[in-house]
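J.: Line order of the protein sequences matches chains V and Y.
Residue numbers for the first sequence follow the working numbering, so the first one is 1 and each next one is one higher.
Residue numbers for the second sequence follow the working numbering, so the first one is 1 and each next one is one higher.
FYI, nobody ran anything at the bench for these hints, they're computed from the structure.
Incorrect hints may have been included.
[As the list claims (entries may be wrong)] Straight line, CA to CA, 20 Å or less: simulated EDC-like cross-link-like pairs of lysine to aspartate or glutamate:
{"#": "1", "chain 1": "V", "residue 1": "K71", "chain 2": "V", "residue 2": "D28"}
{"#": "2", "chain 1": "V", "residue 1": "K3", "chain 2": "V", "residue 2": "E17"}
{"#": "3", "chain 1": "Y", "residue 1": "K57", "chain 2": "V", "residue 2": "E62"}
{"#": "4", "chain 1": "V", "residue 1": "K3", "chain 2": "Y", "residue 2": "E38"}
{"#": "5", "chain 1": "Y", "residue 1": "K97", "chain 2": "V", "residue 2": "E101"}
It should be emphasised that the depicted structure is a prediction, and the values quoted were computed from it without experimental measurement.
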Amino acid sequence: DVKVTQSSRYLVKRTGEKVFLECVQDMDHENMFWYRQDPGLGLRLIYFSYDVKMKEKGDIPEGYSVSREKKERFSLILESASTNQTSMYLCASSLFRTLNEQFFGPGTRLTVL
Amino acid sequence: TQLLEQSPQFLSIQEGENLTVYCNSSSVFSSLQWYRQEPGEGPVLLVTVVTGGEVKKLKRLTFQFGDARKDSSLHITAAQPGDTGLYLCAGYSGTYKYIFGTGTRLKVLA
């Protein structure tokens with residue numbers, strides 16, 4: 001059974017903290033994505049990666065960075081967490097061919113106090 | 001910036017009723033996907049449509065891609081409580097990226 005796992009389901013952090021969200025996929029997919037999901041706004045792409053050590057900015061990259069040192073792992077980093085980064089964060093992966101479906105993890109609900 | 005607007009935003013219906021959810025854009029997409037997301041889970045793909053005018057059926061769900069590939073609809077016949085969830089459309093915008101719609105939250109009451 002294919003799987004995308006995320007390191008935490010719920011996370012509470014303080015303003016200014018550095019936050020790491022980890023995502024691992026076991027499907028040998030080339031593409032990996034980080035989205036944030038907010039009510040009424042759908043899913044917005046933060047960053048994506050199409051290969052190890054490769055990354056591309058999505059629509060809302062400000063305040064975030066990413067790391068992909070291994071094919072199966074894609075990390076999202078909040079350099080200095082702020083309250084407006086309180087959100088649901090979803091990781092996804094897909095095969096190289098662009099019309100393939102994205103497989104999503106269960107999400108991490110992050111609260112920044 | 002490409003946008004996908006979904007309507008309605010919320011829908012609460014009785015079991016057995018029919019419903020249609022719409023996904024509209026001013027941009028052309030080369031393909032469009034529909035996902036369903038249940039509480040506490042990530043979205044799961046239901047269908048991908050590629051050709052303008054294409055219609056795909058998945059049991060009681062019928063998906064249509066507009067002729068101009070700018071819009072899509074999802075029709076559910078005889079809705080059941082198990083259809084409850086957040087429905088998201090996603091248009092392929094090139095360079096590996098899909099643009100997601102704003103979502104329609106459906107609740108089917110028994």
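J.: Taking the earlier hints as the rules, which of them does this structure contradict?
T.: 2, 3
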